[in-house]
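Residue numbers (the numbering used here), protein chains in the order written: chain V, 1 to 275; chain P, 1 to 89.
Read the hints as simulated data drawn from the structure, not as lab findings. Don't take each hint at face value.
[As the list claims (entries may be wrong)] Listed next, the in silico SDA-like pairs over lysine to any residue satisfying Cα-Cα at most 25 angstroms (straight line): (1) P:Lys31 x V:Leu79; (2) V:Lys57 x P:Gly12; (3) P:Lys64 x V:Gln164.
[Said to hold, decoys possible] Have a look at the derived ranges for each label pair, beta carbon to beta carbon: (4) V:Ser13 x P:Thr23: 45 to 55 angstroms; (5) V:Gly176 x P:Asn9: 20 to 30 angstroms; (6) V:Ser13 x P:Lys31: 35 to 45 angstroms; (7) V:Val103 x P:Leu55: 22 to 32 angstroms; (8) P:Pro49 x V:Gln99: 17 to 27 angstroms; (9) P:Leu55 x V:Lys189: 15 to 25 angstroms; (10) P:Ser63 x V:Asp35: 50 to 60 angstroms.
[Claimed, not checked] Quick look at which bits of chain V chain P covers, simulated, 3 or more residues with Cβ under 8 angstroms: (11) 33-46; (12) 231-239.
In this text, a Cβ means the ideal position worked out from N, Cα and C, and glycines have one as well.
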Amino acid sequence: MKTAAEIRDEIESLSAIPTLPTVLTDVLKLIDREDVSVNQIGDFISEDQALSARVLKMVNSPIYGFPGRISSINQALMLIGLGVLKGMLTGVAIFDVMQKTMVGLWEHSIGAAAAARIIAQKAGIKEVEEASVAGLIHDLGKVALGVCYPAEFGQCVERARAEQKYIFDLERDIMGVSHAEAGSWLARKWNFPRQLVEAVAYHHKPRLAKEAKKLAATVHLADALIKMTGFGFGGDPFVHPVDEEAWALLGLSDDDVKDILLELEDSISGTVLSF
Amino acid sequence: MKLARPVENESGIALYGAGMELTPAIIERLKAMGTEAVFIEGAIEYRFPKKADYLAVVETAFSKTGGKAINANLRKIMKAHVEAIYGSR
Ligand SMILES: [Fe+2]
Ligand SMILES: [Fe+2]
Numbered sequence: 001m002k003t004a005a006e007i008r009d010e011i012e013s014l015s016a017i018p019t020l021p022t023v024l025t026d027v028l029k030l031i032d033r034e035d036v037s038v039n040q041i042g043d044f045i046s047e048d049q050a051l052s053a054r055v056l057k058m059v060n061s062p063i064y065g066f067p068g069r070i071s072s073i074n075q076a077l078m079l080i081g082l083g084v085l086k087g088m089l090t091g092v093a094i095f096d097v098m099q100k101t102m103v104g105l106w107e108h109s110i111g112a113a114a115a116a117r118i119i120a121q122k123a124g125i126k127e128v129e130e131a132s133v134a135g136l137i138h139d140l141g142k143v144a145l146g147v148c149y150p151a152e153f154g155q156c157v158e159r160a161r162a163e164q165k166y167i168f169d170l171e172r173d174i175m176g177v178s179h180a181e182a183g184s185w186l187a188r189k190w191n192f193p194r195q196l197v198e199a200v201a202y203h204h205k206p207r208l209a210k211e212a213k214k215l216a217a218t219v220h221l222a223d224a225l226i227k228m229t230g231f232g233f234g235g236d237p238f239v240h241p242v243d244e245e246a247w248a249l250l251g252l253s254d255d256d257v258k259d260i261l262l263e264l265e266d267s268i269s270g271t272v273l274s275f
Numbered sequence: 001m002k003l004a005r006p007v008e009n010e011s012g013i014a015l016y017g018a019g020m021e022l023t024p025a026i027i028e029r030l031k032a033m034g035t036e037a038v039f040i041e042g043a044i045e046y047r048f049p050k051k052a053d054y055l056a057v058v059e060t061a062f063s064k065t066g067g068k069a070i071n072a073n074l075r076k077i078m079k080a081h082v083e084a085i086y087g088s089r
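Okay, chain V solo, but in the shape it has when bound (with noise of 0.2 angstroms):
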């Protein structure tokens, strides 16, 4: 078996291979350089047509919350601002590959972003988008196991079905790391803002995380909620044990919740997707 550093080694170098649009490398370099405004990235993105497409469909999918009325990726840009950007060009970046990875990942990633923009509501949180997005990326290490590890990783999804286990536990006994681990070194490398990196990192142990134990929180029972709901697949069907700390720290009560559950079905389900 390979250490854990090997693993870590292969997964940053992800960036090195094809996984990902050449235009969408440019745009991560772009937003990371401090001399180039807001507007010139969004220039840049308008211009290549299939990529501002994907984007302005994300962001007027009811998973945003905000159906139909963001024309323009500067719009876009000022609502959801760079950091959330850089999130979600990934997320929608990644959308082939996911659903190559794994038949319904990509509807448990939309799903979760729903669930996890709806929490953060209800649970007062400011930064909206950024739990959105977070959701929308919290599993973004399955793709990268997926991709560096397809036999290893096949064998982690086979036998969670065979043996009705979590994905997760069976990553760490046959691989050694998990999802949530090699999400966040892929996040890392690829400068993510370091909330987001955490939230990656400690979606299954929200209580390890430092400065982002909110948005840990969040996406940990956007999960737990996703599943519940049916919607797409991640590797299992099961609710993960919640989190106690976590759950206190979100302080919702149970009409919350119930609440949350409406307008989340609404969200996966209440919608004709695309026209």
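With chain V fixed as given, assemble chain P with the ligands onto it according to the hints.
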């Protein structure tokens, strides 16, 4: 097929109200406006035709953790939620 929520323009003004029937002509108009998605009424039926199917999903989801306090509570709320959305029709 009816709208479950209003469709608003960029300034937040409602163009089509909730309950509006989505005719092919209106769908065309929405498309022309660049709208990608709308909320529709009763769409839950497209995910799970029967309440029992949805409840079975919930049972599976909680099959490992239903005994833990927070999860037991979530399961209870979730089951009431499923009962409520199917019960209303
Ligand atoms: Fe996960
Ligand atoms: Fe997940």
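Right, here's what the structure says about each hint:
Under the criterion of a C-alpha separation no larger than 25 angstroms, the hint pairing Lys31 (chain P) with Leu79 (chain V) is consistent with the structure, at around 23 angstroms. For the proposed pair Lys57 (chain V) and Gly12 (chain P), the alpha carbon gap of about 18 angstroms is at most 25 angstroms, so the pair holds. Taking the CA atoms of Lys64 (chain P) and Gln164 (chain V), the gap is about 10 angstroms. The hint holds against a cut of 25 angstroms. For Ser13 (chain V) paired with Thr23 (chain P), a C-beta distance near 53 angstroms keeps the hint of 45 to 55 angstroms intact.
The given range of 20 to 30 angstroms is broken by Gly176 (chain V) and Asn9 (chain P), whose C-beta atoms sit roughly 53 angstroms from each other. Distance hint check: the CB atoms of Ser13 (chain V) and Lys31 (chain P) are about 43 angstroms apart, consistent with the given range 35 to 45 angstroms. Between Val103 (chain V) and Leu55 (chain P) the CB atoms are about 23 angstroms apart, so this pair conforms to the stated range of 22 to 32 angstroms. Checked against the given bound of 17 to 27 angstroms, the beta carbons of Pro49 (chain P) and Gln99 (chain V), roughly 25 angstroms apart, stay inside it.
Between Leu55 (chain P) and Lys189 (chain V) the Cβ separation comes to about 43 angstroms, which falls outside the hinted range of 15 to 25 angstroms. The hint said 50 to 60 angstroms for the Cβ distance between Ser63 (chain P) and Asp35 (chain V), and at roughly 54 angstroms that hint holds. Counting residues of the region 33-46 of chain V whose CB falls under 8 angstroms from any CB of chain P gives 0; the rule of at least 3 is not met. Requiring three or more residues with a Cβ within less than 8 angstroms of a Cβ of chain P, the coverage given for the region 231-239 of chain V holds, as 4 such residues are present.
Checked against the numbered hints given earlier, this structure breaks hints 5, 9 and 11; the rest are met.
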